[in-house]
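Below are the chains, spelled out letter by letter.
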Amino acid sequence: MKVIISVLGKDTVGILAKASGVCADCNANILEVAQNVLGDVFAMTMIADIDKLSVSFDELSDRLNAMAEEMGLSVRVMHEDIFNSMHRI
Amino acid sequence: MLNIGDIQETITMIQDEHLDIRTVTMGISLLDCIDDDINKACDKVYEKIARYAERLVPECESIEKRYGIPIINKRIAVTPIAMLASACPTSNPVHFAHALERASRTVGVNFIGGYSALVNKGFSAGDYALIESIPQALAETEHLCSSVNIGSTKSGINLDAVAKMGGVIRKAAELTADRNCIGAAKLVVFCNAPEDNPFMAGAFHGTGEPDCVINVGVSGPGVVAAALKKAGDCNITEVADTIKRTAFKITRMGQLVAQEASRRLCVPFGIVDLSLAPTPAVGDSVAHILETMGLEHCGAAGTTACLALLNDAVKKGGVMASSHVGGLSGAFIPVSEDAGMIDAARNGHLCIEKLEAMTAVCSVGLDMIVIPGDTSAEIISAIIADEAAIGMINSKTTAVRLIPAIGKSVGDELEFGGLLGSGPVMPVNTASPARFIHRGGQIPAPIQSLKN
Numbered sequence: 001m002k003v004i005i006s007v008l009g010k011d012t013v014g015i016l017a018k019a020s021g022v023c024a025d026c027n028a029n030i031l032e033v034a035q036n037v038l039g040d041v042f043a044m045t046m047i048a049d050i051d052k053l054s055v056s057f058d059e060l061s062d063r064l065n066a067m068a069e070e071m072g073l074s075v076r077v078m079h080e081d082i083f084n085s086m087h088r089i
Numbered sequence: 001m002l003n004i005g006d007i008q009e010t011i012t013m014i015q016d017e018h019l020d021i022r023t024v025t026m027g028i029s030l031l032d033c034i035d036d037d038i039n040k041a042c043d044k045v046y047e048k049i050a051r052y053a054e055r056l057v058p059e060c061e062s063i064e065k066r067y068g069i070p071i072i073n074k075r076i077a078v079t080p081i082a083m084l085a086s087a088c089p090t091s092n093p094v095h096f097a098h099a100l101e102r103a104s105r106t107v108g109v110n111f112i113g114g115y116s117a118l119v120n121k122g123f124s125a126g127d128y129a130l131i132e133s134i135p136q137a138l139a140e141t142e143h144l145c146s147s148v149n150i151g152s153t154k155s156g157i158n159l160d161a162v163a164k165m166g167g168v169i170r171k172a173a174e175l176t177a178d179r180n181c182i183g184a185a186k187l188v189v190f191c192n193a194p195e196d197n198p199f200m201a202g203a204f205h206g207t208g209e210p211d212c213v214i215n216v217g218v219s220g221p222g223v224v225a226a227a228l229k230k231a232g233d234c235n236i237t238e239v240a241d242t243i244k245r246t247a248f249k250i251t252r253m254g255q256l257v258a259q260e261a262s263r264r265l266c267v268p269f270g271i272v273d274l275s276l277a278p279t280p281a282v283g284d285s286v287a288h289i290l291e292t293m294g295l296e297h298c299g300a301a302g303t304t305a306c307l308a309l310l311n312d313a314v315k316k317g318g319v320m321a322s323s324h325v326g327g328l329s330g331a332f333i334p335v336s337e338d339a340g341m342i343d344a345a346r347n348g349h350l351c352i353e354k355l356e357a358m359t360a361v362c363s364v365g366l367d368m369i370v371i372p373g374d375t376s377a378e379i380i381s382a383i384i385a386d387e388a389a390i391g392m393i394n395s396k397t398t399a400v401r402l403i404p405a406i407g408k409s410v411g412d413e414l415e416f417g418g419l420l421g422s423g424p425v426m427p428v429n430t431a432s433p434a435r436f437i438h439r440g441g442q443i444p445a446p447i448q449s450l451k452n
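Residue numbers (our numbering), protein chains in the order written: chain X, 1 to 89; chain L, 1 to 452.
Chain L with its partners taken away, still in its complex shape (with noise of 0.2 Å):
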């Protein structure tokens, strides 16, 4: 029997608390695209996305209607591009940019993934072409996301690859500097990479997936929040179950809807990302979770063992509540995303020192985070070295999107809009890395990969 009691829990934490679906993303294989003509090619990859592709928005929105439960993105992720422009190596592989950019358009859905390269081990020359276009081809396209994988607990981190990057992301943001930089909020830098991530701008499609599977992405900082807030002055034992009890509810739902959503397409589930992803709303916050735990500000002394918590708690709960779990499954920690991280960089009680140590207990990296527009690119790349060192080192994703906001300094900020937010441009340390990034080479695997 349904009970008046759930009934109105259920609608309190979509119509009070922001829980909704953060994303259904369809992955698509385009590895049958491969041509050595990149015309022929581009007109592959644009036919065969239109058309794998084309009742994934009008389907959830219908599901939305269905459930009542609000769906925000709809999105493609594709097998790495790099892989495509590798048949054609003359070609400039930007053109494979504009194909997704219209078959994006045509289905409608908000963000497509896989302008992508997996480098950490070195490059094809499909690889290295891809990384010099993906510049442009963010500055000339609005839903493409681009991805470069550059280290592995089992390759290590290709120095070449991360040396490269740093001028990537640069250059990224000085193409877009009259859109607020928005070129480098497109691109991310991993170690580890999953290759079923529905969360942009890292989505991809990964080669050892089927042709076409759903997964879903959930969203929910604003119900654990209201939960902890509901359970006051408790142990922090019992803050760990509140989390728990609340993750499952939260997951349960992205396990129906990414089931429902493969029954009408017609098209095998793939995973439920237990991730926690915030919003610039207020009440939709996970930097408001922790600090709901009792910290002051999030930045504060405690903030990494609270996020190391509520990461644990998340997926505990949420593990039980899908038949397949994966993607990044965690907490999210995106700066300019999220409206209590901005306060905490704001006030300065949040620096990119602290978002490191954060990021070796929770899911991603340093996301979203607006750096000074003089930032060197080996700066950067220094930046992306020390993540990729915590992700090899403890078998886990990490992430960098750094956004050098061009022409501005610390005390200014850069405002995006919509789910990507508006960020302080907070400051580096601006000692020099650059003999250590110019070394190149590949920081061997670690001892932890030799697990056979």
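Just chain X, with the same shape it has in the complex (with noise of 0.2 Å):
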């Protein structure tokens, strides 16, 4: 099962490296990461394999909306099965 995690915000030092760091410390191993930098505005969306997560899916997209408020981001943190369901038959 996968996560998919998109950040939104004002391009700043560290946010890759948060998120990613967040993501690990939970055991989610990130298989894909595409980012772009529109002037000041940066968007990332991640997406990590959750298999193995050491920690409830609630408590990763707590600790992840925990760190993109601390940076002033705004973070998604979306289960794989919603994009599958929508968009596959």
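Do not rely on the hints blindly, as some may be mistaken.
[To be verified] Derived DEER-like restraints, expressed as beta-carbon distance ranges:
1) Ala34(X) / Gln448(L): 49 to 59 Å
2) Ala50(L) / Ala66(X): 30 to 40 Å
3) Ala66(X) / Gly283(L): 22 to 32 Å
4) Gln35(X) / Glu140(L): 47 to 57 Å
5) Asp11(X) / Thr12(L): 16 to 26 Å
By construction, these hints were calculated from the structure, which means they are not laboratory data.
Yeah, the Cβ is synthetic: ideal placement off N, Cα and C, and Gly gets one too.
Using the supplied hints, reconstruct the complex from the two chains, each of which is provided in its own coordinate frame.
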């Protein structure tokens, strides 16, 4: 199973590092990262494997949200099922 | 493989286009709570709801978190209370209303529906007592919703019930005049009421349903409007195809949430309701979809045709996306709950007669319409009769949720707040239908009912 983490906000040093840090702490294995910076707006989509997550999904989501709040960013943490069900038959 | 474009599309739908799950509604049968002692029956009702729905709200919140999709309302629908009231005919059914309200507060749901009676062919003692008590029940509770089914294609229209409901609606508004007549906004009169509807105020748990069930209603007018804007100046067939594709995606999400809620709560999955339910928020309006199709204002000539296409395309797109479809399933046109409808009504482009025509091709009926406070009970009853006739003849659900704005007249507005929105007082035809309404009796079932 995978989680999709999308981060949006003002570009600053260490966003990717902090988000990856939370994933590592929770034992979520990052598979793919796509990011771009337009002007000073940072947008990143990260896909991580959560089969061996050491905490609950809710806990991972809470930790990422706390990190985003601290850095003044917005984050969405979504299970892959919503994308698979919406875009696959 | 997950595609970044698909991921972005879903996130945009949720973030910018108001895509959400409007409601996860747990249907609970109360048939095993029937008792000839009303106090005992109320205790059983409270205990069963509190036990069955204990985990409803926390599990829905956890699902919201897992999929990143808001679930706006968590609701409960119960067996029509008139059936329980029939066992204790000498007691005031309003005790049940208080028990339901207490249960709804204990489990933390937004609404509880089922203070209802099905009288399409006549009244039992319990039905009559319950209908009499509706205004008081709605005035003394906050989360309770009530509905009465007064007709069906199979049985015709109970004109005695129609006559009664005009007065009940007026009284519900009068008793809550200090709270913007909110009582009448929580009361709906149906013809051909569905037994698995997750939407309020008309949700109740039909007798053919299992002991407990999860039904889900999706939203998404903003997503459809955005897709049509993107499609630009295409022909009307392409408009229909765009709506179908979008409805499919919206409904898949509803199906996913319904299955997950059913699994977590260990309750069977009932249906996904395909309705496009608007909210008063800008960008979440069914009227704006019709305007995007090419009407200057909702209510203009052409509105009924556009709505018919929308309603049909939503069903065609949605039906393949879910294993079980039911409830109302179609586009809603509640005036006070839709920013585009409110504007059109304010500007005089949308009148009750046009809305009545629209109800012949969409999912429900004259919904959340504010009418002058001095409208007589007979006129309200006659509007119900007209709407029920459309439902009866066309074998579809129709409903009436009118709010007489006590002390107000055309030009004034009522403000309910939240999902119920606000609405201008709309003029009604004041010619008297009193003699027709007071004839009483039953409008016979139409020839369409003889299908066997």
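Do the hints match the structure? See the list:
no.: 1; hint: Ala34(X) / Gln448(L): 49 to 59 Å; in the structure: holds, 57 Å
no.: 2; hint: Ala50(L) / Ala66(X): 30 to 40 Å; in the structure: holds, 33 Å
no.: 3; hint: Ala66(X) / Gly283(L): 22 to 32 Å; in the structure: holds, 30 Å
no.: 4; hint: Gln35(X) / Glu140(L): 47 to 57 Å; in the structure: holds, 56 Å
no.: 5; hint: Asp11(X) / Thr12(L): 16 to 26 Å; in the structure: holds, 21 Å
Checked against the numbered hints given earlier, the structure satisfies every one of them.
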